[in-house]
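Q: Numbers given in the numbering used here equal positions in the sequence shown, counted from 1, plus 65.
Keep in mind that the hints were calculated from the coordinates and are not lab data.
If you're wondering where the values come from, they're calculated on a predicted model, not measured in any experiment.
Positions of the beta carbon are idealized from the N, C-alpha and C atoms, including for glycine.
Incorrect hints may have been included.
As a list, the in silico DSS-like pairs of lysine-lysine whose alpha-carbon atoms are at most 25 Å apart [unchecked claim]: (1) 619 x 640; (2) 546 x 441; (3) 491 x 530; (4) 581 x 549.
Ranges of calculated distance between the beta carbons of each label pair, as one might list FRET restraints [stated by the list, open to error]: (5) 640 x 603: 36 to 42 Å; (6) 603 x 624: 53 to 59 Å; (7) 263 x 294: 15 to 21 Å; (8) 367 x 294: 55 to 61 Å; (9) 330 x 246: 43 to 49 Å; (10) 426 x 608: 29 to 35 Å; (11) 313 x 246: 54 to 60 Å; (12) 297 x 498: 58 to 64 Å; (13) 499 x 422: 30 to 36 Å; (14) 216 x 186: 14 to 20 Å; (15) 503 x 204: 16 to 22 Å; (16) 568 x 540: 45 to 51 Å.
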Amino acid sequence: MKNIRNFCIIAHIDHGKSTLADRLLDYTNTVTVREKQDQLLDNMDLERERGITIKSHAIQMDYSYQGEKYTLNLIDTPGHVDFSYEVSRSIAACEGALLIVDAAQSIQAQTISNLYLALENDLEIIPVLNKVDLPSANPDEVSDDIIDLLGCDLEEIIHASGKTGLGMENILDAIINKIPAPKGDPKAPLQALIFDSVYNTFRGIETYFKVINGEIRKGQKVKFLSTDQEYFADEVGTLHLTQTPKKVIKTGDVGYLITGIKVASEVKVGDTITDAANPTQEQIEGFEEVKPMVFAGIYPVDTEEFEELRNSMEKLQLNDASLVFQPESSAALGFGFRCGFLGMLHMEIIQERLEREFGMTVITTVPNVSYHAFVKKNPNNIILVNNPSDLPDPSGLDRVEEPYIKATVITKSDFVGQVMSLCIEKRGIITNQTYLTTERVELSFDMPLAEIVFDFYDRLKTVSKGYASFDYHPIGMRVSKLVKVDILLNGNSVDALSALIHADNAQYIGRKMCEKLRQLIPRQQFDIPIQAAIGAKIIARETIKALRKDVTAKCYGGDISRKRKLLEKQKKGKKRMRMVGNVEIPQKAFMAVLKLND
66 MKNIRNFCII AHIDHGKSTL ADRLLDYTNT VTVREKQDQL LDNMDLERER
116 GITIKSHAIQ MDYSYQGEKY TLNLIDTPGH VDFSYEVSRS IAACEGALLI
166 VDAAQSIQAQ TISNLYLALE NDLEIIPVLN KVDLPSANPD EVSDDIIDLL
216 GCDLEEIIHA SGKTGLGMEN ILDAIINKIP APKGDPKAPL QALIFDSVYN
266 TFRGIETYFK VINGEIRKGQ KVKFLSTDQE YFADEVGTLH LTQTPKKVIK
316 TGDVGYLITG IKVASEVKVG DTITDAANPT QEQIEGFEEV KPMVFAGIYP
366 VDTEEFEELR NSMEKLQLND ASLVFQPESS AALGFGFRCG FLGMLHMEII
416 QERLEREFGM TVITTVPNVS YHAFVKKNPN NIILVNNPSD LPDPSGLDRV
466 EEPYIKATVI TKSDFVGQVM SLCIEKRGII TNQTYLTTER VELSFDMPLA
516 EIVFDFYDRL KTVSKGYASF DYHPIGMRVS KLVKVDILLN GNSVDALSAL
566 IHADNAQYIG RKMCEKLRQL IPRQQFDIPI QAAIGAKIIA RETIKALRKD
616 VTAKCYGGDI SRKRKLLEKQ KKGKKRMRMV GNVEIPQKAF MAVLKLND
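Take these sequences, add in the hints, and give me the full structure.
A: What follows is the structure in structure tokens.
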């Protein structure tokens, strides 16, 4: 056990975690020349296309140091704020972390929040200055920033380059000398923590775990504590580039377990595995429950695929424990699920994974957040509003509270003005402004979460020319003046398009939505009015004109009444058609409502 080291790599987006992991695998000869490729651990098509890490990936390396063989378990983690839950799970399986900072970009918002995650779990931090070979690198200044942040010495910072392979030996030496070996009692009853799981069509659910106490053997009968179910360990092994079966996995090591479980709900991330014959009494402290930030409805395009969608979501939830969903129904879209996501990127990724991995075509409704409503009759009773249609009647409403967040933006000092005006436009209140260096400023705002859901992040990147980094955490509920804006098509309300909006912005957003829908809904044989309404009051209207056939074409000369008769006949037909006709809303229209500012 003294020769095992478990560590993860944490950093801001694009600071070179996955590339550095590739070089470590090359240096320890874990991969052969034939297997080598860039971003080796990002094995999902989606990760390769977008060039980002979505899932944490674990891999084991063997390394000889001063004549002894060491086993290094490396976990590569995502950098985006939407996947910080993945990072917290990886950190639980480690004793140390490599904190990577880009020598050109210095410390960013996500560097700081991931560092705090690691420090809360008492991990040993090894600072690494990456990309020192870049022409724009500024190692001396960035080293000072790292010393300010960590309070370490200048000698402790390792200079490295994931591209050229510089500094790999120093990193591996530091991992062995600084990161402590895992603690645990090999003689105690088995106690292992599940930190991830994945669904395999042929072998059932593969569970990834770290052994805290005891050991796990092939063929042993194991028990999952939170469900009280017992299974046989059909196969256990370690995670090299491919899975390597072993007879036994000892204390402190990381491995995988296959038990032939087929039902997704039986495996919970954060659960404890123990020996069925000699179980441990105490459960390992798991992970805190994830709090979704953004809610949206996901509906199958074909209503008959509802059960298939449910199965796909359950399998996806195994692999991504931060996805939360429950069934709901909508008048416009039939049966579907109300899903909770950690952010907009998370929502996009889930939608794409459903389409790619499970072949489902789905419609996503306008995302929103969770509100608390209070009625005058019983002002202490909280009514949870996840969907605009849950909002009580405005006449009996006492107040509505919405979730607020503390947002931290780190940007170059040239863009402070634009960033501030964007945040104030989004109803933010500035609470603090600190100059980290002469060039870089940290701004703190209190702002409503609902304003961030739509397009805040995209616009922040635009006004700061891509330099600003953004991080946030919830700070509770505050009273707000919110109204429900309904969209009526041909006089019928479309519940999937309604939204809760601040009273000051309601008219502007209502008008924008109507204009956008007029461009996207195809023309019909009859006029379609599109209206935005608050209660019974119409605040905006647009009309999609009918496609008209020229019925008077064959009428030349003669009395005007002949033409009028034909036009009247056409008018009656259009009126009858409008009463029975229904309007199909294309998927594009649902998505376009999210990007009103384009």
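Q: Let me make sure I understand: some of the numbered hints might not hold for this structure. Which ones are they, in numerical order?
A: Of the numbered hints, 5, 6, 8, 9, 11, 13, 16 do not hold.
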